[in-house]
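**Q** Sequence:
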Amino acid sequence: MPELPDVEVFRRYLNSTALHQTIRETDVRAQGILEDLTPTKLQSQLKGRQLESTDRHGKYLFARLDNDDWIVFHFGMTGFLRYFQNGQQAPGHTRALFSFENGYHLAFVLQRKLGKIALTPNVRSYVKKQGLGPDALDRDFGLEDFKEALKGTRSSIKSALMDQERIAGIGNIYSDEILFQARLSPRTRASQLGNRSLEALFQAVKEVLSTAIDSQADPGRMPGHYLLPHREKEGRCPICQTEMKSEKIAGRTSYYCPHHQK
DNA sequence: ACATTGACCTGAGAGC
DNA sequence: TGCTCTCAGGTCAATG
Numbered sequence: 001m002p003e004l005p006d007v008e009v010f011r012r013y014l015n016s017t018a019l020h021q022t023i024r025e026t027d028v029r030a031q032g033i034l035e036d037l038t039p040t041k042l043q044s045q046l047k048g049r050q051l052e053s054t055d056r057h058g059k060y061l062f063a064r065l066d067n068d069d070w071i072v073f074h075f076g077m078t079g080f081l082r083y084f085q086n087g088q089q090a091p092g093h094t095r096a097l098f099s100f101e102n103g104y105h106l107a108f109v110l111q112r113k114l115g116k117i118a119l120t121p122n123v124r125s126y127v128k129k130q131g132l133g134p135d136a137l138d139r140d141f142g143l144e145d146f147k148e149a150l151k152g153t154r155s156s157i158k159s160a161l162m163d164q165e166r167i168a169g170i171g172n173i174y175s176d177e178i179l180f181q182a183r184l185s186p187r188t189r190a191s192q193l194g195n196r197s198l199e200a201l202f203q204a205v206k207e208v209l210s211t212a213i214d215s216q217a218d219p220g221r222m223p224g225h226y227l228l229p230h231r232e233k234e235g236r237c238p239i240c241q242t243e244m245k246s247e248k249i250a251g252r253t254s255y256y257c258p259h260h261q262k
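Number 86 in our numbering belongs to position 86 of the first sequence; there are no gaps in the numbering.
For the record, the hints were derived by calculation from the structure and aren't laboratory data. One or more hints might be untrue.
[Unchecked claim] Calculated pairs, DSS-like style, for lysine-lysine (alpha carbon to alpha carbon, straight line, at most 25 Å):
1. Lys245 x Lys233
2. Lys41 x Lys151
3. Lys47 x Lys151
4. Lys151 x Lys233
5. Lys233 x Lys248
6. Lys129 x Lys151
7. Lys113 x Lys129
8. Lys245 x Lys262
9. Lys41 x Lys128
10. Lys128 x Lys248
11. Lys128 x Lys113
12. Lys41 x Lys113
13. Lys147 x Lys129
14. Lys248 x Lys262
15. Lys151 x Lys113
16. Lys147 x Lys113
17. Lys262 x Lys147
18. Lys147 x Lys128
19. Lys128 x Lys151
[Said to hold, decoys possible] Derived Cβ-Cβ restraints for the label pairs, each shown as a range:
20. Phe84 x Pro39: 34 to 40 Å
21. Thr38 x Gly220: 26 to 32 Å
22. Gln31 x His225: 15 to 21 Å
23. Pro229 x Asn67: 40 to 46 Å
Small disclaimer: the values here were computed from a predicted structure and weren't measured. C-beta: ideal position from N, C-alpha, C; glycine also.
Turn these sequences into a full structure, and let the hints guide you.
**A** So this is what it looks like as structure tokens:
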């Protein structure tokens with residue numbers, strides 16, 4: 001779930017729910033998700049503060065506090081946020097709970113404990129520390145930057161797209177969709193791509209990610225010519241009805257249309 | 001430099 | 001019903 005589009009949807013959700021309310025307490029229910037942080041420190045840093053704004057880089061969500069520190073959220077494979085009112089039950093697998101003085105709560109939910117929460121004084125420095133490449137949807141990330149990011153590798157294009165140090169935000173699911181829209185086989189070497197292919201791929205990156213956000217990252221709402229709703233065994237290409245192939249590429253199960261992606 | 005594998009975690013779903 | 005097996009949208013380290 002949590003690739004760039006999902007995290008952007010979470011960011012907007014946080015914006016429309018949990019901003020500008022005083023934090024009463026924090027409850028960490030799985031200590032392992034804290035990065036360089038203890039529950040006590042988190043509580044002391046957050047208590048009495050408010051969330052003022054948000055940012056996102058790749059799959060990372062940042063929420064700025066009114067002392068200009070930032071909370072960092074990473075959602076692993078299964079994470080999401082849920083805002084709810086006093087009296088309602090916290091969702092299952094709530095790993096951290098932020099309670100506000102207005103009687104509402106923001107739950108950080110992970111089924112598998114692969115996500116994390118951190119604090120940082122500065123988004124840029126955190127991004128740098130993680131070694132993340134440019135955010136795939138950043139307006140300043142243009143075709144030339146894209147070509148630059150894919151330079152100097154002999155790996156498959158699938159692997160290069162998912163490499164967060166090259167470009168931040170694309171994971172297994174959306175790399176499949178991007179490659180389908182660009183009509184490229186996931187096994188193609190990144191270094192083999194000519195200018196036309198690189199341009200098509202770049203367009204696909206921007207188009208797929210922004211369309212996914214517009215669709216609330218919900219495959220059921222995506223355009224009819226998208227692969228994602230058919231990304232399952234025995235699924236068929238939405239264009240030619242050929243049965244989708246699936247195989248492990250770059251360590252991840254990948255789906256593609258053998259007719260359209262050669 | 002690459003690909004591959006296993007670890008980290010937990011649960012859903014399939015198959016028996 | 002209940003057991004076992006496989007698999008899952010991410011990342012990291014170790015290995016070949």
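**Q** Decide, hint by hint, whether the structure agrees.
**A** Hints, one by one, checked against the model:
1. Lys245 x Lys233: holds, 8 Å
2. Lys41 x Lys151: At roughly 42 Å apart (the allowed maximum being 25 Å), lysine 151 and lysine 41 break the hint.
3. Lys47 x Lys151: Measuring from Cα to Cα gives roughly 46 Å; hence the hint is violated.
4. Lys151 x Lys233: Violated, because 33 Å separates the two Cα atoms, which is more than 25 Å.
5. Lys233 x Lys248: holds, 13 Å
6. Lys129 x Lys151: Measuring from Cα to Cα gives roughly 22 Å; hence the hint holds.
7. Lys113 x Lys129: holds, 22 Å
8. Lys245 x Lys262: Status holds; Cα separation ~12 Å.
9. Lys41 x Lys128: Answer holds: lysine 41 to lysine 128 is near 23 Å, not above 25 Å.
10. Lys128 x Lys248: violated, 30 Å
11. Lys128 x Lys113: With a Cα-Cα distance of about 24 Å, the restraint between lysine 128 and lysine 113 holds, given a limit of 25 Å.
12. Lys41 x Lys113: Holds, at about 20 Å.
13. Lys147 x Lys129: This hinted pair holds, its Cα atoms lying about 23 Å apart.
14. Lys248 x Lys262: holds, 16 Å
15. Lys151 x Lys113: violated, 34 Å
16. Lys147 x Lys113: With Cα atoms ~35 Å apart, lysine 147 and lysine 113 exceed 25 Å; violated.
17. Lys262 x Lys147: holds, 21 Å
18. Lys147 x Lys128: Within the cut-off at roughly 20 Å; holds.
19. Lys128 x Lys151: Holds. Lysine 128 to lysine 151 sits at ~20 Å (cutoff 25 Å).
20. Phe84 x Pro39: 34 to 40 Å: About 21 Å separates the Cβ atoms of phenylalanine 84 and proline 39, which means 34 to 40 Å is violated.
21. Thr38 x Gly220: 26 to 32 Å: violated, 41 Å
22. Gln31 x His225: 15 to 21 Å: Violated: the Cβ-Cβ distance is about 45 Å, outside 15 to 21 Å.
23. Pro229 x Asn67: 40 to 46 Å: At 44 Å between Cβs, range holds.
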